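Enquirer: Following the hints, position chain G against chain R.
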Amino acid sequence: MRIELQSVLKSYGPVRALDQVSLHIEPGQIVSLLGPNGAGKTTLIRCLAGIAAPDKGTIQFDDEELRRDRMDLRKRMQLLPDFPFHFWEQSVARNIAIVLRLFDADGAGTEERVLELLRDFDMLPLALRPVASLSRGQSYKAALVAMFAADRELLLLDEPFASGIDPHAIDAFKRHARAAAGRGRTIIYSTQLLDVAERFSDRVCVIHRGELRAFDTLDTLRERARDKDNVLEELFRQLREST
Amino acid sequence: MKLHSPTFEKALRRRVKQTVAASPALRREARTVRRWRKEYSLALIFRVAISIGVGALAWFAGSKTQQPATALAVVTLWMFFLLFTHAQRLLTTLYGEGDLSALSLLPVTNVTIFRWQFQKFVRRSGMSLLDLLCGLSAVAWWLGFPPLKWLALLPIAALAWLTLLALAMLLAINFPSFPYAIVSAVAPIIGLALFFAREYVGPALLATLDRAAPHLNVVLPVGWPISLFQLLLPETSWLIATLLLPTVAIIWTIRHSMSRLQSTYEFHEIVVGEAPDLVPEEAAAQAAISETSSTDQPFHIGVTAIEDIIRARHFMAAPQWRERGWFEEVLWRWLTVREKTLAEFVFPDGFIITNAWKGIAKTFVITMLLALVAAYVFPMARNWMLGIGLFITGFQALGRMLDAGRAFQAILCSGVNIPMYAVYPIGYRELGRLLMKYATVQAPALLAFTVFASVLTAAVIKQPVVMGAIIGCKLAILVVGARAFALALSFSSNTNDTSGFHFHVFALIGLIVFGGILFLLLAGAGLAWPTQWIAWLFCLAAVAQSYAFFRIYGWFYNRTRFDLMAFPRQ
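Going down the list, the sequences are from chains R and G.
Our numbering applies: residue 510 is where the first sequence begins, and numbers increase by one.
Our numbering applies: residue 120 is where the second sequence begins, and numbers increase by one.
If you're looking for bench data, these hints aren't it; they were derived computationally from the structure.
Heads up, some of the hints might be wrong.
Said to hold, decoys possible - Straight-line Cα separation of at most 20 Å, EDC-like style, residue types lysine to aspartate or glutamate; simulated pairs:
1. 239/G with 218/G
2. 268/G with 354/G
3. 584/R with 458/G
4. 459/G with 581/R
5. 737/R with 704/R
6. 565/R with 613/R
7. 459/G with 613/R
8. 459/G with 426/G
9. 683/R with 668/R
10. 584/R with 573/R
11. 683/R with 615/R
12. 459/G with 615/R
13. 584/R with 615/R
14. 584/R with 549/G
15. 683/R with 660/R
Every value quoted in this text rests on a predicted model; they were computed, and no experiment measured them.
Next comes chain R alone, as it looks inside the complex (with noise of 0.2 Å):
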């Protein structure tokens, strides 16, 4: 799915959560969203899942504007928000029944997909236990193969890395956003690791104050930094400086 962005502006009364933001985004590719807390970041993710309605600039996926009745658009993407929306009563299972359902992905073979899925992420010993029962990281990696069930074109990830699950879970998200990008899916997700950004992402999206500060990939924002070992630190510091 190719995302376009332009000129997007985002106000919330007088604080300015997107400014002008504009981006072009290709399928099958990982893009980290890095920026401050309180920089946007949230608000870009929800723009693009049709959640927050941009007070001006347009969203488009495939060139095709993203409103609120395309379902055909809205059902090619799947957002993840940093604490899942569960049926806290019903059995992980079930859970992930009714999110495939939801985006029409309940075909043939989805079975063995969802079994793969609970494997990888330690979750098939919990998969008929009430989602009220699981903890924090347990609950969001039930989210996560939901999500990676589903297969959507593309995957919007809110903090992800600070969703308490293991470095098990890690390693296998990690594997499957991988697959999935080779797939030709588009995962965006928000972070404030930067090592974590600059090992696991295709391109880079530094937001600042609701600006876009930095796209690109990271042997681009390498060639241009100074300190070629930690060029997103040295982002950052000149982001703070900056202020």
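Expert: Just chain G now, kept in the frame of chain R:
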């Protein structure tokens, strides 16, 4: 026990102020944030205006009828309304507030979280004390009380406030599933409609209130402490003082209610068994055996069995709610495949329609029987029994019709409330259509209820029974028709569609206000002339207008004119 340190907070606040004052950039930022806070200040001013309004209404009723009991009945009625809002608020604060999930992650006990949430409820209920003070002060002013008697208002208001809290707690404990939110939403609409129609219905309403006031203050428990006000009047029967006993008894229950609420206050269980939705029958039977055995360990299914369940797609099987009753069967047959998927999202535990209506019918029959018995033993109580029965069952029926399951439930997410449906690809019209079908399928039960209730009311107030039946039919049509309007408002909740200074915001506010008034006018006209055919046209026009409102709001929704999220109220 406190979740915070006041001394630390005070020191921190002082230091922050000093730092902000020292930096021009921070001062600028602080000024913009202060502008943002104006919304909350306006809400406070609006709430104080309501308190003054209650006082003004009590003063008006007293001066018009020259009866202190009538003026006090206004305060009693207001407290009766607040009882439902408080019960709803208590349930929401304790069990449904967005920050509960975050609080449960803190290293504090559930008891601490309970106390924290409970004191939030008490603090938020503080404005009802102001309502009481304004109402009682208005009556005292109208009666020209000497200064000494004014002092007595404080303990009366305090007693009434504590009674209100105690009753709200009792309701929340004993009737947690009563549709309090609907009472809270519908009562102001009725109030607003009566306000606009005061020219026509005002005198009759005042006369009715005047007649009912002495009973109202005694029948409704919220009126007991308020009735103590009459002890301050000359030539009052000291029998009224006996109302102090049940008042104190109600207040006495607060302690017990608190411990009951606290004992059921659990966010999560650390170790639980399998969810019952997917466990095969043989395994469930084995679970039952293991639960009756001496071990405390919950039953769990092995990994191989889970693999079999997943591989056989049992977890993807469509739920079988149709077996639950006739209404469920009809609805399930009516829904499309997509709507069945949405139904599973909106009602993850399944529809419960038939049993719910059976429950309403049972409550209705019991109150009618009680009224029948009362008619022989204590004739005056008959109408009150009927009134209370119709009030409870009427709102239960309305609750059934407006039920939206989990569809509009909001989750706190990065500082904002986001409704669940917004995160998934769920369309405005498809979700609306499902909930409309859900309401329409219940129409026969609603029709039976409204016709029976209207016929009964007509018989009691000595009006033609046929007229009662016609009004009952129209009421059922209007309630089903109003569902579309209510749906749009449900979508509107937890959005920011009416905040900010944009053209579309003013257009939406105008649409909601105009649409609401027009619906009430058309519905009122439809009910006002029960036997004339043109009144049916008004009813149909109200239904059409409600649907048109749903579609127009949908236009704004679908064109992404506002956010599907709202900042939580402080």
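Enquirer: A separate judgement is required for each hint: does it hold in the structure or not?
Expert: Each hint, compared with the structure:
For the hint linking residue 239/G to residue 218/G, the alpha-carbon distance of about 12 Å falls within 20 Å, and the restraint holds. As the CA atoms of residue 268/G and residue 354/G are separated by approximately 15 Å, the hinted pair is consistent with the 20 Å bound. Our distance criterion of 20 Å between C-alpha atoms is met by residue 584/R and residue 458/G, whose separation comes to about 16 Å. With a C-alpha separation of about 19 Å, the suggested pairing of residue 459/G with residue 581/R holds against the 20 Å cut-off.
Taken as a hint, the residue 737/R and residue 704/R pair is honoured in the structure, with Cα atoms around 13 Å apart against an allowance of 20 Å. Restraint check: the Cα-Cα separation between residue 565/R and residue 613/R comes to about 32 Å, which exceeds 20 Å; the hinted pair is violated. Between residue 459/G and residue 613/R the CA atoms are separated by roughly 12 Å; this keeps the pair inside 20 Å, and the hint holds. Proximity of residue 459/G to residue 426/G is assessed by CA-CA distance (about 26 Å); at most 20 Å being required, the pair is judged violated.
Only pairs whose Cα atoms come within 20 Å are accepted, and residue 683/R paired with residue 668/R is accepted, the gap being roughly 14 Å. For a cut-off of 20 Å, the pair hint linking residue 584/R to residue 573/R stands: about 14 Å separates their Cα positions. Taken as a hint, the residue 683/R and residue 615/R pair is broken in the structure, with Cα atoms around 24 Å apart against an allowance of 20 Å. The straight-line distance between the Cα atoms of residue 459/G and residue 615/R is roughly 14 Å, inside the 20 Å bound, and the hint therefore holds.
Taking the CA atoms of residue 584/R and residue 615/R, the gap is about 13 Å. The hint holds against a cut of 20 Å. A C-alpha spacing of about 14 Å is found between residue 584/R and residue 549/G, which places the hinted pair at or below 20 Å, so the restraint holds. At most 20 Å may separate the alpha-carbon atoms for a hinted pair to count; residue 683/R and residue 660/R meet this at roughly 14 Å.
Hints 6, 8, 11 from the list above are not met by this structure, while the remaining hints are.
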